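Taking the hints into account, I'd like the entire structure generated from these sequences.
There are 2 protein chains.
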Amino acid sequence: MQDQHTPPSERARVRRAADRGHYDAATIQAIVDDAWLCHVAFACPDVLCLPTACWRVGDRLYIHGSNGSRMMKHLASGAPACVAITHLDGLVMARSAFSHSMNFRSVVIHGHFTEVSDEAKPTVLAALMEHIAQGRAKDSRPPDANELKATTVLGISLHEAAAKIRNWGPKDKDEDLALPFWAGVLPLRQQQLPAISESGFEGPLPAYAQSWSVQQAHAG
Amino acid sequence: MQDQHTPPSERARVRRAADRGHYDAATIQAIVDDAWLCHVAFACPDVLCLPTACWRVGDRLYIHGSNGSRMMKHLASGAPACVAITHLDGLVMARSAFSHSMNFRSVVIHGHFTEVSDEAKPTVLAALMEHIAQGRAKDSRPPDANELKATTVLGISLHEAAAKIRNWGPKDKDEDLALPFWAGVLPLRQQQLPAISESGFEGPLPAYAQSWSVQQAHAG
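Keeping their order, the protein sequence lines are chains X and R. Heads up, the first sequence is in this note's numbering, so the first residue is 1 and it goes up one at a time. Heads up, the second sequence is in this note's numbering, so the first residue is 221 and it goes up one at a time.
Simulated from the structure, these hints should not be mistaken for laboratory data. Fair warning: this is a prediction, and the values are worked out from it, not measured in the lab. Just so you know, not all the hints are guaranteed correct.
[To be verified] Below 20 Å or equal to it, Euclidean Cα-Cα: the simulated PhoX-like pairs (lysine-lysine) are: (1) R/K369 - R/K341; (2) X/K149 - R/K393; (3) R/K393 - X/K173; (4) X/K138 - R/K393; (5) R/K393 - R/K293.
Laid out in structure tokens, this is it:
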């Protein structure tokens, strides 16, 4: 079990503003669970950075895509990958331009993906449905054999990962504190707006759609 | 001038769901301008994907950091890079698990960064202040000579880039349309919450802080 202050590897060590680094599973998992998408970097052979949906089961992060996808094919081969998840929580306004910053929560994961077996695929994909909305796995048509066959699901360990968090106000240099400029935070969060039903839908919304715009579980 | 439908290069061509690809500057710039951060991928030699602040001036995207930063040093050498910006606008709930999707606006940029000259640096950094909040460049202490010297500013052309947009409801297979499951969109946006002043601040908020939580210019 990784403690909060010890990086799991040299390449996972937070370099800049190292006091913002966290390496414990609880911190990493909480940031991952607040995300519906990640950015995946790999070299194929040009270095690429692509957004894709993500979700967590246990100590692994999962992504999925069509078997034909360049990214899926490349990553399924075990190629080195780096995955980043970032939540922007605010713009930090210091009195000096130089001391401006951002409040954020990020996770950077190093390693490589492995393919989820045909046997495990339905369970791991059901977890994606549940990550999207609790109860959705049973409130949708599950994938049939052809759909499962057409989908590659890849997982990467969260062991070699680092979280980085900044969640405080501006830190001006002492000599700037008396300057006559406003200092503070302009906060941001991911807002959940009321669910929009497809035209023709009648009847009550399912619980997860009803509560969507009021629960604000994410980045709240 | 790139038209909407023609990729600027083979590696910039959108592969999956190619009908969602856009290559014109107006579409790319609008997505970039809605972002305060991007993810930058590079190989150093391990492939890395790191979040960092970004802003646009003309047809270039800029990032900045300490001269000592591994990322800044590596990218300043002209190493190949790929930059991604993604706004998540909603979770798209189809009747079948397989047809679930996300509404999003993304830009992926290919190329390499070049360093901004000492002469141009103050102007490019002032543009970052203005991107954070209109009027902030003049309502903060500008960087002094030492601060400018300690900061590397890098720019990358937006020419070799692709935007990808999905902004519509679920598209179920015909045979799934009558299934008794809710279908629709769970919308998301980046919300601007009321400005938080540093303790001790008295007097009226500057205009950009007053209007922050009501203007909702971003992803609105």
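When the structure is checked against the list of hints, which entries are broken? Sort them ascending.
3, 5
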